[in-house]
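2 protein chains.
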Amino acid sequence: MTDRLELRIDGEDGRETTVGAARDTTILDAAHAAGYEITATCGARGRCRSCRVKVLEGTVPPPTVQDNVQLGPEAVRERFRLACQTKLLEDTRVRPMPPKAESGYQILGGQAATTAMALDSGVEKRLITVEPPKSEHHQTSDLDEVFNALGESLTSRRVAPELVRDLPARLRQYKGTLTATLFRGQLVDIEAGNTSEQAYGMAFDIGTTSIVGSLLDLATGEELAAVGMINPQAPFGADLMSRIAFAQFNTKNLQTLRGKALNALNDLIKEACGKAEVEASQIYKIVVVGNTCMHHILLGIDVSYLGLAPYAPVLRDAQTIPAAELPLKAAPRAHICTLPILAGFVGADALACVLSTRLYDSEEIRVLVDIGTNGEMVIGSRERLVACSAPAGPAFEGAQIRHGMRGALGAIERIAIDEDVTCGVIGGEAAIGICGSGLIEACARMSEAGVMNASGALTRKTEDLPPAIGKRLVKSDHGAEFVLVWGAESGKGEDVTLTQGDIRQLQLAKSAIYSGVAMLQKEMEVGADDIAELLLCGGFGNYVDVASAVQIRLLPEMPAERITYFGNAAQMGAQMVLLSEREWQRAGELLESIEHVALAARPDFQELFIDGMNFGAPKRRDETEERTAVAV
Amino acid sequence: MTDRLELRIDGEDGRETTVGAARDTTILDAAHAAGYEITATCGARGRCRSCRVKVLEGTVPPPTVQDNVQLGPEAVRERFRLACQTKLLEDTRVRPMPPKAESGYQILGGQAATTAMALDSGVEKRLITVEPPKSEHHQTSDLDEVFNALGESLTSRRVAPELVRDLPARLRQYKGTLTATLFRGQLVDIEAGNTSEQAYGMAFDIGTTSIVGSLLDLATGEELAAVGMINPQAPFGADLMSRIAFAQFNTKNLQTLRGKALNALNDLIKEACGKAEVEASQIYKIVVVGNTCMHHILLGIDVSYLGLAPYAPVLRDAQTIPAAELPLKAAPRAHICTLPILAGFVGADALACVLSTRLYDSEEIRVLVDIGTNGEMVIGSRERLVACSAPAGPAFEGAQIRHGMRGALGAIERIAIDEDVTCGVIGGEAAIGICGSGLIEACARMSEAGVMNASGALTRKTEDLPPAIGKRLVKSDHGAEFVLVWGAESGKGEDVTLTQGDIRQLQLAKSAIYSGVAMLQKEMEVGADDIAELLLCGGFGNYVDVASAVQIRLLPEMPAERITYFGNAAQMGAQMVLLSEREWQRAGELLESIEHVALAARPDFQELFIDGMNFGAPKRRDETEERTAVAV
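If you're matching them up, the sequences are chains A and B in order. Anchor point for the first sequence: position 118 equals 111 in my numbering, and the numbering is continuous, going up by one each time. Anchor point for the second sequence: position 151 equals 144 in my numbering, and the numbering is continuous, going up by one each time.
Mixed in with the good hints there might be a few duds.
Here are the simulated DSBU-like pairs of lysine-lysine, each with C-alpha atoms no more than 30 Å apart in a straight line [to be verified]:
hint	chain 1	residue 1	chain 2	residue 2
1	B	K322	A	K253
2	A	K263	A	K80
3	B	K245	A	K322
4	B	K127	A	K515
5	A	K168	B	K245
6	B	K80	B	K245
Calculated directly from the structure, the hints in this document are not laboratory data.
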C-alpha cells in the first residue's frame, strides 16, 4: 500500500480526470487541488448534499455521520458519499452526482431523501422575548413568563434551581431577549441574548487503548472538531483484564482509573472547544460509548465481577446522567447519555457499532468485527442478531511481541517475501519494530513462502527455501526466529525478528477472532458464503490488509470484496445517538433483541478455537493471491 | 387564661370524670394521670384509632397530621381527635369513642373510615432477595436482577450511577437480601440486608422568624420527633422586607442567608434523627414550605425583585429537587419537594395552609388567617378561593414596640382593667415587657375602659377614669404613655408602658390583617355573617385571645365560636404532602385555581385600611364581653 493514491473522476460530460492525492485526503480536496470543480455549497462542512459522489471503483471509504445525515443510510449503502467528508484510502473512481432537485435526487438515490437521518438531538434552543411579570393580582413568575413563551415544546415544568437563580437579572437584560435550551422537553439552560445558533454536543468512544471524541453542531450535524488521545489509564494495565485486575476489590484504584478517564474527557472537551472556538458551556449533550469496563469505570461502578465468571455487568441499561454528577465540564445542565451494554465483554461500543452499521436493518446476513484486545463480533440481519466477544489480547497492538510496537514511525507494516524479504516501514524510515498489521502481513507471507507451516511452526527445512530466506531462520536465546530486518539495516542496531513465541501469540489472537466469528456462524447456521458482507470496525481495521487477514485465517475465508472497512463504527454510533433521539431509542430496543453467546461457556468452542489456530493450508495460496489482487 | 385546665370525660357508662391537667398535656396523658383508662393500642404514637375521642365542649384543639391519617378530614371536622395527639388548650369535655369495629366506626364517624388520608408518600421500601447473574449467554446485570425482583412497582429503569457503584458487593452480602427504595417509581436506594421498616421523611416550615420541622415515619405517619429553632437569618433582618433588602442585588449576602437556612435545616435533621434514633441516610423525602422569600433564599434564587412592584416570584411551580443539590444531608438520593407559590407574598406556606385546612373542599365560606410579619389570608370554599397578603410588620412579635418582647418569661400576656390594671405575666414573674398577644389584650381592655378612644388616641380626660387608671396616663420623653406596670413592681426597674406610638404600630399591624380580610370579603361579596369559620393559623394564633382580637378589630366582627385556632397549618400541610402524593398533586392543582388579590394595587383598599385602623366602637363593648365569656 502506497501513501500516494490515484483518484479518477468520471465527469458529467463523460470525460475522465485522474488526479493524484495523499492517503486520507478528502475526495473534494483532491479534486480541487487538481483543478476539478466539485461544488461544495456549505463550504465543505458536511452540511449539504451538493458534493455528493458515487464511488464506482475501489473499496468504498467508511461513511461518516454526515453521510448518514445528508444522504441517508440507503444512499450510503449504495456507495454514495459526500466528497467533502470522504477520505481516500486507496485508488478510487468516483462520479460526482450533485442532486439537481429533489425529484432528480429521488431517481438517483432511491429512498435516500426520505430516509436521511433526522437531526433530532433532543436539544432545542429557542430564542424568546419575555417581559417581566406585570400584574400584581394574577401573579406570574419570571419563569412562568419563560414557560409561556416556550409554549408546547416544554413537556415538563420541573427546573433545576440553579437555572433560575439569576433569571431575574437575565430577564431584564437585552430587553428580555433570552435563549432557552430544552433537552427532551425540559428546560436546561436560559441565556441572556440570542445564542440560539450555539448548540453543541460531544460523542466519545472510550477504548481500552485510546479515546476519541468529536464535537458536533447539534443543529446541522457538522463535525466541528475531532480529538483523541491514548487512554491515560494505560499505565495501569494494557488490556481490559489487567485494567480490571488493578481495580478489582480496590476502590482507591478504581477511583484512580475513573479520575484518569474523567480528566481525559474534560481535556478532550476543552481541546475540541478550543479548536472549534466554541464555549464548552454550550455543550448540552454528551454521548459516551465504550466497552463495559470503560463504561463502568467512568461511572465509578465496581468492576470486580467483570473479571469473574459469568463476567456480568453491574448495569446494562442506557442512562442519561447530569454531566455535573460525573462531573464533565459542559453546560451546567448538560446530560451524558451512555449506551446500553449487551454483556460484560460486549459493551456499549458494540451496540454503537450495530447502530451505525445498521446491521439490524440488513436483509442479508452481515457480520461486524471489531478487532481489539477484546474483539467484539455481531452477526445477523433484521431477523436475528447474535453477538459475542473474544479476548484477542494485545498482540494486534504489538504488545507481547518481542519487537512489537504500535503503528508509529519505524514500524514494519508491509512485507513481501520473494527471493528475500522486503519490508515497508511507516514513514519510510529504518525499521525499529513491527506493528499489528505488519505482524498479520508477515505471517501471511511467511506462511505462503513456506517459512512456517500451517500449524505455525517455523520450518527447519531451510534447504527448500531461497538461500537469503533460509539464512533468516535463526536460533537465539529466544528460540527459533525469523529475521525480518537485519541489524545493520534496522533502526535500532539489532535484528528485527519474529520469534516462534510471537507467532504463537498472533495465533492465539487471530484464532480468538476467527473462532468467534465461526461460533456466530454456527449459532446462525450459516457458512461464509452466506455472509453478504463483513464489516471491519475499529481503528485497527484501517491498517490491516484484508487479504492477509483472510490468508492467516484472522477473518473468515470470503472474497475480499465482501469485506468492507467501516471505520470507527462505535464512534459513529455515538455520533448518531448524539444527533438523533430515534437512534437513542433504537439502542434501547437493540439491547432487548441482540442475543449473546459466551464463547468460553460453550463446550463446542474449544474445537473451533484449536482449528482457528491454524494458518491457511498452503494449497490455498494461489487462490488467496488472486483475491489480494482484487482487494488492494 | 390559666395554665391549669379542666378535662371532663364523659364515660361510656354515662358517668363523668373530671381531671385537672396542665396546658399542652395530651388528653390521653391527662386521663391516664387521673386513673381514667383510654386504650392506646399503638402506644400513644398516633398509629391507630383506639384512643379516639369526640370533643363535646371547648374549642376543638388543632388537628395533627396523625388525626388526618387515622381519622380522616371529615371526622376531624366533626370534632373527633386522637387523645394521644391532642393537647389541651382550654377547659374541655370529651367522650372517648374508640371505633369498636369498622361498622360501628362508620356510624360514629360517617365517611371517616373511607376518607382517612391515605399514606402514599411516594417512597416505597421493598425487601428483595436477589441472586447474582448466573448465565454467561443471556447475560443480565446485577441491576437487572434487582429490577426483576422489583417487578412492576418500578416505572423507570433510570438509575443514578452512585446507587450501583457498590452494588456488586452489596448483592453478594447477606445472601442477596437487599432493601430497594423507590421514590415515585424510580430506584433511589439499595441497601444490604433488611431495612424495609426504616423509611423516614422530614417536613419543614421555614418562617421568617422561626423554622419548625418534624420527622415522620413514612410507613405509619407517626411523628418521631418535632424540632425547631429561631431562623438564624434573623440577625440580617427581622422581617421579610429587611431580609430582602439585605440580599437585594447582592449575591454574596444572598449566599449568606442561604447558608444559614441550609445549616439550620441540616442541624434540625440531625437533631430530629438524634431524638428519634434513626439514620439521616434513611430520610428519603423532605417537604419544605415557607414564604416566597424563604423559599427563594433556600434555593439560592435572586430575591431582588420580590422587593419591587409587582413583587413577582422567580419561580412558582412545585419542584422536586435532589437533596444532594442543595445540599441537605439525608439519603444520598433523597428528594426535596417544595410546594407551589401563589404570589410574591403569598407563598408555599399559604398553599400548605389551604391544603391542611381543606378550604378547597369546604361547602361553606371559610377564611384562614395566618398572622405574622407578613399576614396571609385566604377566603373561599370549594367554589372559589381568593388569597391576599398584608404586611403587618413585626408589632405582633413585640418588635418596634417600646417595651415589646417575644412571648417569653416576663412578658405581659394578659391584662384586666377594672379599678386598676392587673397583668398576667408569662411564668408568673415580674413583668419586663409585653408580647404580641399582651399588646392585643392591652388595647382591647384600654379601649373598653375608655383609656383610649376608637381612633386609638390615649384620652386626656383622666377625670372620667378611676383614679388609679388615670394616674397611669403619663407623659414622658416618648410622648403620651399608659403605664401597665409601675417600675417598682416591674422586673426591669422601670415602668412597663404602652406609648401612643406603640398603639399606632399595633393599629397599622392589626388593620393590615383586618382590612386584608375585609378586601377578601369584598372580593367574594360576603359579609362577616356569611363566613362559617375563621381558621387562625400559625404559631401566633396559639396565644392570641380571640375575643380581644375581635374587640380591637384585628379579626372580623364574628362570634368567637366561629373562630378556630388551627395550629401550624403550614407545617401540617407540609406533613400531609410528605405522607401523601395525592396532597402533593392537589397542591399543584390549587396553584392553578387560587386567585390572588394584591391589596396595594387595589384603589379601594386605602379606604378599607383607614377604617381598619379604628378600634371597636365603645357601644359594642357589652356585646363583645359576652362573646368573650363564651370563647374562653
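Hints versus structure:
Annotation: proposed proximity of K322 of chain B to K253 of chain A holds, straight-line Cα distance about 29 Å (limit 30 Å). Restraint check: the Cα-Cα separation between K263 of chain A and K80 of chain A comes to about 26 Å, which is no more than 30 Å; the hinted pair holds. Restraint check for K245 of chain B and K322 of chain A: satisfied, since their Cα atoms lie roughly 24 Å apart, inside the 30 Å limit. With a C-alpha separation of about 24 Å, the suggested pairing of K127 of chain B with K515 of chain A holds against the 30 Å cut-off.
Only pairs whose Cα atoms come within 30 Å are accepted, and K168 of chain A paired with K245 of chain B is accepted, the gap being roughly 26 Å. Restraint check: the Cα-Cα separation between K80 of chain B and K245 of chain B comes to about 43 Å, which exceeds 30 Å; the hinted pair is violated.
Violated hints amount to a single one, hint 6; each of the other numbered hints is respected by the structure.
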